[in-house]
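Asker: These protein sequence lines are chains A, B and C, in that order.
Okay, so the first sequence: first residue is 1 according to this note's numbering, each after it adds one.
Okay, so the second sequence: first residue is 228 according to this note's numbering, each after it adds one.
Okay, so the third sequence: first residue is 444 according to this note's numbering, each after it adds one.
Derived from the structure by calculation, the hints contain no laboratory data.
These figures come from a predicted structure and were not determined experimentally.
Incorrect hints may have been included.
To be verified - Label-pair ranges, simulated between beta-carbon atoms:
{"id": "1", "chain 1": "B", "residue 1": "Arg436", "chain 2": "A", "residue 2": "Leu18", "range": "27 to 37 Å"}
{"id": "2", "chain 1": "B", "residue 1": "Glu336", "chain 2": "C", "residue 2": "Ala565", "range": "49 to 59 Å"}
{"id": "3", "chain 1": "C", "residue 1": "Gly458", "chain 2": "A", "residue 2": "Arg51", "range": "49 to 59 Å"}
{"id": "4", "chain 1": "A", "residue 1": "Arg55", "chain 2": "C", "residue 2": "Gln582", "range": "36 to 46 Å"}
{"id": "5", "chain 1": "A", "residue 1": "Arg51", "chain 2": "C", "residue 2": "Arg623", "range": "56 to 66 Å"}
{"id": "6", "chain 1": "A", "residue 1": "Arg179", "chain 2": "B", "residue 2": "Phe262", "range": "51 to 61 Å"}
Just so you know, even glycine gets a beta-carbon here, dropped at the ideal spot from N, CA and C.
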Amino acid sequence: MNYTFDFSAPLAYWPDLLAGAWTTLTLSLASTFFGFLLGVFCALANTGNTRWLARLAGVYIEVVRNTPLLVQVFIVYFGLSSMGLQVGAFTAATVALVVNVGAYTSEIVRAGIESIPKSQLEAAECTGLSRWQMLRHVVLPPAIERVFPAVSSQYVLLMLASSICSQISAEELTAVANRIQSDTFRSVETYLIVAVAYLAMSLVMRGVLWAVAMIAFPRRRRLGTPL
Amino acid sequence: MGFLNAAHFQFLFNGLLWTVGLSLLAFAGGGLLGFAVALGSSYGPRWSRMAVSVYIKLIQGTPLLVLLPLAYFGLPSLGLNVAPLTAAALALSIYVSAYLGEIWRGCIESVPRTQAEAAECLALRWHQRVWNVILPQAVKIATPPTVGFMVQIVKNTSLASAIGFVELARAGQIINNSTFEPFVIFLIVAAMYFALCYPLSVLSRRLERSFHVAHR
Amino acid sequence: MSPIVEIENISKCFGTTRVLEGVSFTVKKGSVVAIIGQSGSGKSTALRCIDRLETVDQGRIRVCGHEVTAPGLDLHQLRRDVGIVFQSYNLFPHLTVQENIMLAPRLVQKMAKTAARERALAVLNQVGLAEKADCYPSQLSGGQQQRVAIARSLAMQPQLMLFDEVTSALDPQLTGEVLRVMEKLAADGMTMILVTHEMAFARKVANEVIFMHKGRVWEHGPASILDAPATTELRDFVGNGL
């Protein structure tokens, strides 16, 4: 092995790396937020009484889960521009990630909804709550709290998957890495640095999600026990 | 769709075959390594359990789009010149081994401890217990999630396009570069992936259902 | 002739709980010993120590000529000489009844397949289940599964058989068939140590009864002690039992 490691060359690009990491984080958090909303909506559609809506949600979920994210990103990016909408890479990336993570979130939240015992629903019905009120107060909060660990993992995976958006030139961390390694020819060092950066960002994501859980779930904050 | 002729479809179909081939390579390599990971974690001494835990966390915490170029550029730095296929197969195998290793470890550990105890009390040695009593039961438990994970493997092969390996996604990109109808082309590519993945997903769900029925 | 089992002054703690305290007894070849007592009295733990499924903190155990408490013990050889039947049968669900029984003779005693099958059918006959040889455990009742578990241990031709509350998980009507098999084993001269709640069975079949209480051997004598308890604890236990 006559390869000498030189980390100083890629590290000199640290402002770019930082900008790329920031883009990754904002991309991930934006996608997380909207993906969560979409996921909850689809889970409700799937478990609701409107059959065509449930079936539509079912088809959407199966299609997304059985096709690669890379191809979905291409379809969204090129599809939007062929419809005449000029969107930047960041927006297209967000839309694609939202569509993707929405499907996975939906399945997880659906499992949470189905884990609520029927007796709770009966009790709520008997106090005269409407269906929407039941969903909002009796079904969704405990369902989401119960599946929050699975949902969190999904969003950390999303952050890692955001690297795929480098393929449509969104300037997130992997795209920056690709650029740096072609400038410096220090490929191994560049990607090792970036790997460490992703590990660090996973911790940041987990921290943010933990804080969200503490704020959103007062029972967990006060009792400290799982639901 | 008049811009696409038979040659284009042939090219896409070739890409599909390479996708299947790379998936099988990744499953074989990742499966072998994953099996070692699972055993090292369930039955190894403390240091091997910790090493496996670190390995899994590292690999699972790194995007595949970073692992792939690390393999592609890293191997030449060790003096080995590799084709994109080899680098992709290696990177995917390592990626798969971390996930399959964790799945299989969970399955080994969910075989009731009393089974191991009963086998031990019949004077079976460690390797006889693992081979004849624990593993057959662990394999049954592991089949549904393993088939489910194969869907992930097929989807992840699409990323090998980033290091220049011509599988289905890259085939689509190449055709797009000459016909400039990306929306239609990638819809077709998506449909081809769906044709590969959906049957596996259905099979995995069916296996899981029958497994739970049998174990009630 | 030296006893098959010699337990000298064993003690054991689980964390801060003292489970066994100064337990000593011996078992002669061919005798049937019943260990009785309340839950938590340490009887199952004592039994499991004999086959080294648990270790003791202090004391000495000698079984079939092996020093169980010594560090250099050949565990493998001990397990060939001692058979144990568990409360939850622990049959291997992926093997047929026959395969369950043949497994250890083939792998440990290196028997040929045909010879192992013959032995399996012989022990199945002994427990009255020869016709179920090709069934899977899930197709059998609890009592049948337990009898297969007994046959599985018997197939290794052990010198000593241990029974850990083997009928406690069974419905009353299935208990009888298992007890009948055990009675026959005893009549055929097998050395048996059983932890049991079945007082009538202990009275009928056991030569010796050991009553354990709070981790200690509280009373030890022939089966007649059940009718004439010397201590209030045993009197309460027997009185409550039947």
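Asker: If a hint holds in the structure, say so; if it does not, say that too.
Answerer: Here is what the structure says about each hint:
1. B:Arg436 to A:Leu18: 27 to 37 Å: At roughly 48 Å between Cβ atoms, A:Leu18 and B:Arg436 fall outside 27 to 37 Å, so the hint is violated.
2. B:Glu336 to C:Ala565: 49 to 59 Å: 37 Å Cβ-Cβ, so the 49 to 59 Å window is violated.
3. C:Gly458 to A:Arg51: 49 to 59 Å: 57 Å, holds
4. A:Arg55 to C:Gln582: 36 to 46 Å: 40 Å, holds
5. A:Arg51 to C:Arg623: 56 to 66 Å: Given about 59 Å between the Cβ atoms, the range holds.
6. A:Arg179 to B:Phe262: 51 to 61 Å: Violated - the Cβ-Cβ distance for A:Arg179 and B:Phe262, about 39 Å, lies outside 51 to 61 Å.
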